[in-house]
Amino acid sequence: MANQSLNLLRRSASTDVPAVAGGAQIEVAKLIDVSKCIGCKACQAACLEWNDLREEVGVNTGVYDNPHDLTPHSWTLMRFAEWDNPDTGNMEWLIRKDGCMHCSDPGCLKACPAPGAIVQYTNGIVDFIHENCIGCGYCLKGCPFNIPRISKVDHKAYKCSLCSDRVAVGQGPACAKACPTTAIMFGTKDAMKAQAEKRIVDLKSRGYANAGLYDPAGVGGTHVMYVLHHNDKPEIYAGLPHEPKISPLVAAWKGTGKVLALGALAFAAIGAFVHHTVVGANRVSEHDEENAAELIEATRAKTSGGDGPEARV
Amino acid sequence: MAIDIEHRAPAARERTYVHRYSAFARVNHWITALTFVALALSGLALFHPSLFFLTGLFGGGALTRVIHPWLGVLLVISFFGMFLQFWRANLWNQDDTKWISKIGDVVKGDEEKLPELEKYNAGQKGVFWGQSLMILVLFCSGLIIWDQYFGGYVSIDTNRLAALVHAVMAFFAILLIVVHVYAGIWVRGTVSSMTQGRVTGGWAWRHHRKWLRREARGGKEAGE
Numbered sequence: 001m002a003n004q005s006l007n008l009l010r011r012s013a014s015t016d017v018p019a020v021a022g023g024a025q026i027e028v029a030k031l032i033d034v035s036k037c038i039g040c041k042a043c044q045a046a047c048l049e050w051n052d053l054r055e056e057v058g059v060n061t062g063v064y065d066n067p068h069d070l071t072p073h074s075w076t077l078m079r080f081a082e083w084d085n086p087d088t089g090n091m092e093w094l095i096r097k098d099g100c101m102h103c104s105d106p107g108c109l110k111a112c113p114a115p116g117a118i119v120q121y122t123n124g125i126v127d128f129i130h131e132n133c134i135g136c137g138y139c140l141k142g143c144p145f146n147i148p149r150i151s152k153v154d155h156k157a158y159k160c161s162l163c164s165d166r167v168a169v170g171q172g173p174a175c176a177k178a179c180p181t182t183a184i185m186f187g188t189k190d191a192m193k194a195q196a197e198k199r200i201v202d203l204k205s206r207g208y209a210n211a212g213l214y215d216p217a218g219v220g221g222t223h224v225m226y227v228l229h230h231n232d233k234p235e236i237y238a239g240l241p242h243e244p245k246i247s248p249l250v251a252a253w254k255g256t257g258k259v260l261a262l263g264a265l266a267f268a269a270i271g272a273f274v275h276h277t278v279v280g281a282n283r284v285s286e287h288d289e290e291n292a293a294e295l296i297e298a299t300r301a302k303t304s305g306g307d308g309p310e311a312r313v
Numbered sequence: 001m002a003i004d005i006e007h008r009a010p011a012a013r014e015r016t017y018v019h020r021y022s023a024f025a026r027v028n029h030w031i032t033a034l035t036f037v038a039l040a041l042s043g044l045a046l047f048h049p050s051l052f053f054l055t056g057l058f059g060g061g062a063l064t065r066v067i068h069p070w071l072g073v074l075l076v077i078s079f080f081g082m083f084l085q086f087w088r089a090n091l092w093n094q095d096d097t098k099w100i101s102k103i104g105d106v107v108k109g110d111e112e113k114l115p116e117l118e119k120y121n122a123g124q125k126g127v128f129w130g131q132s133l134m135i136l137v138l139f140c141s142g143l144i145i146w147d148q149y150f151g152g153y154v155s156i157d158t159n160r161l162a163a164l165v166h167a168v169m170a171f172f173a174i175l176l177i178v179v180h181v182y183a184g185i186w187v188r189g190t191v192s193s194m195t196q197g198r199v200t201g202g203w204a205w206r207h208h209r210k211w212l213r214r215e216a217r218g219g220k221e222a223g224e
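From first to last, the protein sequence lines stand for chains A and B.
So for the first sequence, UniProt numbering puts the first residue at 1; every next one is plus one.
So for the second sequence, UniProt numbering puts the first residue at 1; every next one is plus one.
A few of these clues could be false.
Stated by the list, open to error - Here are the simulated DSBU-like pairs of lysine-lysine, each with C-alpha atoms no more than 30 Å apart in a straight line:
id, chain 1, residue 1, chain 2, residue 2
1, A, K302, B, K119
2, A, K302, B, K113
3, B, K210, A, K302
4, A, K193, A, K204
Everything labelled a hint here was simulated from the structure, so no lab data went into it.
These figures come from a predicted structure and were not determined experimentally.
With these hints in hand, go ahead and build the complete structure from the sequences.
Below is the structure:
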């Protein structure tokens, strides 16, 4: 069930969003300051702990990423990237905490066919409501960040909930609480933006001219934001999309396309009805039957025998 | 004047029937038809939110998601059976081009103005080849988005394209089936070909005279 302490802004595959009672909630955000991250993975551990998840023991393939990708259990993942900075000649070790960005314009929610399986609260959190999830995987196609994962066990989609259960009772997310360097911060979106501004000024003063806030407008802004030292090229941070937006393919499929298609099908059925009303049934006349009988008889007389059509009186 | 006078021919002495479909072909057709309807209902349920209630027919959303692709596999097998039986009779010829050029008379039901036809007219052939092509595309795009077994084999963008192609193809396939079903209803005497396997001689005379002539000769081509 959707969290009862939070007000719904949107609900997948539904038009009936209950009116918000008790006034609008303030938008919240998680700010991940990549420049302060030391890659300790305390956030990953805290996420597993709070959400009562256990990851399979994996294998080491020579990189720090563990597990190697987001999974139905690992809703957040430190991604380690090595980048040779051509300007300084330095190798930079970029560590990004990957996970759901909680878009203002969530592609997952727009693609979802199951009513209420994905909700967006007025505070900005996008949450999966597993009892309504049918496991179709449409959210994976809708997401511009490649975040949701389908469980092979219960065939439902999983991702970061921004600890909506904690936020509902005035707590910050578990990852933010566990972070030893406060690289992960949580608060109102305005406060996080103000915090980011200070950090960006600091980074710029230390030579990162392109430092900036990653809050992509293409998805209406996000409720998980990054402070990046190289905000001009987010893709160097293990493939963070440059200008993410809902794919036009998804927009065509689950946008107006579905309305037009259904309308056209209804129109075809109505068209058939109108045609029948105007033209009337295409009936075989007695004349046709006589002609056929004559043809068959004449042909039989000529060829005498053979497996002709059955003729009956 | 608002009164029409119809001169009726006296009832024919004989009623002739022409065999059109074997029992195997009929069973094959109805399995395909039922599978198609079930696929359309379960597919539409996941296509438009206002039709999500149709998942109730299949035991809920999750079961609809499970059942739909398996129905697709069944459809491909069943349709392939029909394809093998009917493809030859559906090859395009000059009569079809002529028939298409007189589509206005077709729609009016003015068949005396149309060329004499073999077993299928161009519209029926269109349904046959249209469905053959679309079922193939639906199957391939469907495999790509069959997440339970084939998830992660291709990029997400390919998945998105497959989902869109699958939806567009399904739309046209359903549209074509609406035409197919309506044609079967509009042209009276057609349904018996798929229920009893035979049509009246008059039906064959009216709609497929060349075929009737051939059948009357015992299935031989003219001059054979």
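For each hint, the structure was consulted:
no., hint, result
1, A/K302 to B/K119, "holds, 23 Å"
2, A/K302 to B/K113, "holds, 28 Å"
3, B/K210 to A/K302, "holds, 17 Å"
4, A/K193 to A/K204, "holds, 16 Å"
In summary, this structure violates none of the numbered hints.
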